[in-house]
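**Q** Chain by chain, the residues run as shown.
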Amino acid sequence: MDDIELLSRVKADDREAFNSLFLKYYPLLSDFCRFLGINSDDGEDIIADVFLDLWVKRERLHIHTSLKSYLYGAVKNRVYTLKGKNQKMQLLPEEYASDKAISDHLRPDEMLFRKDRRLMIERFIDELPEQGKLIFLMNWQHQLDYQEIAEILSISPHTVKTHIYRSVNYFRKRLLFVK
Amino acid sequence: MAYMDEHHYLLIIGYLEGRITEEETQYLLQKVQTDKEFSDAFEDIAEIWSAKKAVPNNSDKANDALARLNKKIDDLEAGEHIRKNGYAKTGHQSSIILKLRPILAIAASALILAGAFWLYKPKLSNKPASTMVMAEKHTAPGEKKKIDLPDGTSVTLNASSSLRIANNFGDDKREVYLEGEAFFDVKRDPQKPFIVHTDKIATQVLGTHFNVSAYQNDGNITVSLVQGKVQVDMNNDPSKRIILDPGKQMIYSKSNHQAHVADFITDDITGWKENKLVFNYDSWPDAAKKLSRWYGVPVLLKDSTLLRCKLKGTFDNIPLAKVMEQIRMVADVSWQMQGTQVIISGKCN
Chain A
1 MDDIELLSRV
11 KADDREAFNS
21 LFLKYYPLLS
31 DFCRFLGINS
41 DDGEDIIADV
51 FLDLWVKRER
61 LHIHTSLKSY
71 LYGAVKNRVY
81 TLKGKNQKMQ
91 LLPEEYASDK
101 AISDHLRPDE
111 MLFRKDRRLM
121 IERFIDELPE
131 QGKLIFLMNW
141 QHQLDYQEIA
151 EILSISPHTV
161 KTHIYRSVNY
171 FRKRLLFVK
Chain B
1 MAYMDEHHYL
11 LIIGYLEGRI
21 TEEETQYLLQ
31 KVQTDKEFSD
41 AFEDIAEIWS
51 AKKAVPNNSD
61 KANDALARLN
71 KKIDDLEAGE
81 HIRKNGYAKT
91 GHQSSIILKL
101 RPILAIAASA
111 LILAGAFWLY
121 KPKLSNKPAS
131 TMVMAEKHTA
141 PGEKKKIDLP
151 DGTSVTLNAS
161 SSLRIANNFG
171 DDKREVYLEG
181 EAFFDVKRDP
191 QKPFIVHTDK
201 IATQVLGTHF
211 NVSAYQNDGN
221 ITVSLVQGKV
231 QVDMNNDPSK
241 RIILDPGKQM
251 IYSKSNHQAH
261 VADFITDDIT
271 GWKENKLVFN
281 YDSWPDAAKK
291 LSRWYGVPVL
301 LKDSTLLRCK
311 LKGTFDNIPL
321 AKVMEQIRMV
331 ADVSWQMQGT
341 QVIISGKCN
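Protein chains in written order, with my numbering: chain A, 1 to 179; chain B, 1 to 349.
Accuracy of the hints is not assured; some may be wrong.
Claimed, not checked - With a straight-line Cα cutoff of 30 angstroms, these simulated DSSO-like cross-link-like pairs (lysine-lysine) come out:
1) LYS36(B) with LYS161(A)
2) LYS53(B) with LYS24(A)
3) LYS173(A) with LYS312(B)
4) LYS36(B) with LYS24(A)
5) LYS72(B) with LYS115(A)
6) LYS173(B) with LYS115(A)
7) LYS24(A) with LYS31(B)
8) LYS24(A) with LYS312(B)
9) LYS115(A) with LYS254(B)
10) LYS53(B) with LYS173(A)
11) LYS173(A) with LYS61(B)
12) LYS248(B) with LYS115(A)
13) LYS200(B) with LYS173(A)
14) LYS68(A) with LYS71(B)
15) LYS52(B) with LYS161(A)
16) LYS36(B) with LYS133(A)
17) LYS53(B) with LYS68(A)
18) LYS240(B) with LYS115(A)
19) LYS53(B) with LYS115(A)
20) LYS83(A) with LYS53(B)
21) LYS248(B) with LYS173(A)
22) LYS24(A) with LYS322(B)
23) LYS83(A) with LYS36(B)
24) LYS312(B) with LYS115(A)
25) LYS200(B) with LYS161(A)
26) LYS312(B) with LYS133(A)
27) LYS72(B) with LYS57(A)
28) LYS52(B) with LYS68(A)
29) LYS57(A) with LYS71(B)
What the hints assert, rightly or not - From the derived model, a few chain A residues whose C-beta atoms are all more than 10 angstroms from chain B:
30) ASN19
31) ASP31
32) VAL56
33) LYS57
34) SER66
35) ASN77
36) ARG118
37) PRO129
38) GLU130
39) GLY132
40) ASN139
Think of the hints as simulated: they come from the structure by calculation, not from any bench.
A quick note: this is a predicted structure, and the numbers were derived from the prediction, not measured.
No residue lacks a Cβ here, since even glycine has one placed at the ideal position from N, Cα and C.
Generate coordinates for the entire structure from the input sequences, incorporating the hints supplied.
**A** Below is the structure:
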């Protein structure tokens, strides 16, 4: 079932559909909170709040973008309210659990190599300016397209593309020194 | 490092995410092979994109969070109910039974074990080998075959494998269908992409030498690139597209439908072409299948504890009994022949 169908079921008071949406987006939104420097407990509160709001307002809810953009946008707004928009965000370390699935079928040397490379790229990402960092992570890690990112952050798609371009150029420059 | 324009960067990213059109893809593939600056940029960006990993999905956490949220909603709605009706309905419990997504935690090993290892299925192919008939080529257990395709591509087919060649091979695409394992040395022709189809995986070639292993009874499908560039598509899903660089292999697990990229040592993968039997951290079930295909006898594992171990080693083309003896000594297993079949037992530690 896609988002449009799930959402129309939610509007018809279907709690199961609501639960499905929550389980589908929770991991993504909680990782998104991590991009914004929010720890996982605060993240859970924020996401639950967004979904509570969705449920309470379900009958009169008009979403002009996609549901996905709406959810990310709502989480972002709450984070900014909580932290103040200009506070520096810091990419928090990922939780340990996420490594397990991959490590099961990798040899130890491969695992190390992968982890090293991943850590290196994450370090580069952390060196980007705030807005660039967020936009790059949204595109690279969450596969949001330029239009979606623009909607979520209320900026133009053109700006999104410019940020991605600059970030990639920066990484290439950094990679030169590593190689 | 030369700076490229934004458009080209975004094109490369779009390609890696499977978001660009067929036309743009052709343009990009052409450019990768002709424009050094573009190809450098492509490699850098592909490296950055390959370092990405799935968003952590901790379903326990999500379920816990959902349970707490549902409690909140129920409390809220119960409160409204009281406000509206002036009393709390008796018997109305605000607890909801959550139907949590069933987690398919079926251990792959259990599946493999249940799948049994009766792999010995000799293919009796008495058809005369003719290069005129474009149809299907088979190899029996223990047999290898070199096939020359009309476009100048040469294919080496490993034991117990078959290669079907599309009727319209060479019209605007060069498509073949593989079951089993083969090494491809593809003649370059940018106008006519060469595509190897296996069960769930389609490998499109931009360059030249690569190995595909896709035995129906193996747990994984593996595409290993020796030279050039290949593009691997899974389940017809362009967002899962993977581009391989030389020395890299893509391993697709049929049990969880996930793929990952790893390094490999060429001899481990292509040794079979030189009559070397290579075990490359193979699980025992996979190793048993390999032995069975190589020597054309059924190989049976007696103890499920063997599933815990992996096997690494290379054997020149020596008799089965010698191979088994050497394995026995290093791997702490015992083996015996029963009729024509080999039975392996042991704990493995």
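**Q** Could you run down the list of hints and mark each one as holding or not?
**A** A quick look at each hint next to the structure:
no., hint, in the structure
1, LYS36(B) with LYS161(A), "holds (24 angstroms)"
2, LYS53(B) with LYS24(A), "holds (18 angstroms)"
3, LYS173(A) with LYS312(B), "violated (39 angstroms)"
4, LYS36(B) with LYS24(A), "violated (42 angstroms)"
5, LYS72(B) with LYS115(A), "violated (39 angstroms)"
6, LYS173(B) with LYS115(A), "violated (38 angstroms)"
7, LYS24(A) with LYS31(B), "violated (38 angstroms)"
8, LYS24(A) with LYS312(B), "violated (40 angstroms)"
9, LYS115(A) with LYS254(B), "holds (24 angstroms)"
10, LYS53(B) with LYS173(A), "holds (22 angstroms)"
11, LYS173(A) with LYS61(B), "violated (38 angstroms)"
12, LYS248(B) with LYS115(A), "holds (16 angstroms)"
13, LYS200(B) with LYS173(A), "violated (37 angstroms)"
14, LYS68(A) with LYS71(B), "holds (24 angstroms)"
15, LYS52(B) with LYS161(A), "holds (19 angstroms)"
16, LYS36(B) with LYS133(A), "holds (29 angstroms)"
17, LYS53(B) with LYS68(A), "holds (20 angstroms)"
18, LYS240(B) with LYS115(A), "holds (21 angstroms)"
19, LYS53(B) with LYS115(A), "holds (10 angstroms)"
20, LYS83(A) with LYS53(B), "holds (28 angstroms)"
21, LYS248(B) with LYS173(A), "holds (24 angstroms)"
22, LYS24(A) with LYS322(B), "violated (54 angstroms)"
23, LYS83(A) with LYS36(B), "violated (46 angstroms)"
24, LYS312(B) with LYS115(A), "holds (24 angstroms)"
25, LYS200(B) with LYS161(A), "violated (34 angstroms)"
26, LYS312(B) with LYS133(A), "violated (43 angstroms)"
27, LYS72(B) with LYS57(A), "holds (15 angstroms)"
28, LYS52(B) with LYS68(A), "holds (21 angstroms)"
29, LYS57(A) with LYS71(B), "holds (17 angstroms)"
30, ASN19, "violated (6 angstroms)"
31, ASP31, "violated (5 angstroms)"
32, VAL56, "violated (7 angstroms)"
33, LYS57, "holds (12 angstroms)"
34, SER66, "holds (16 angstroms)"
35, ASN77, "holds (19 angstroms)"
36, ARG118, "violated (5 angstroms)"
37, PRO129, "holds (17 angstroms)"
38, GLU130, "holds (20 angstroms)"
39, GLY132, "holds (14 angstroms)"
40, ASN139, "violated (8 angstroms)"
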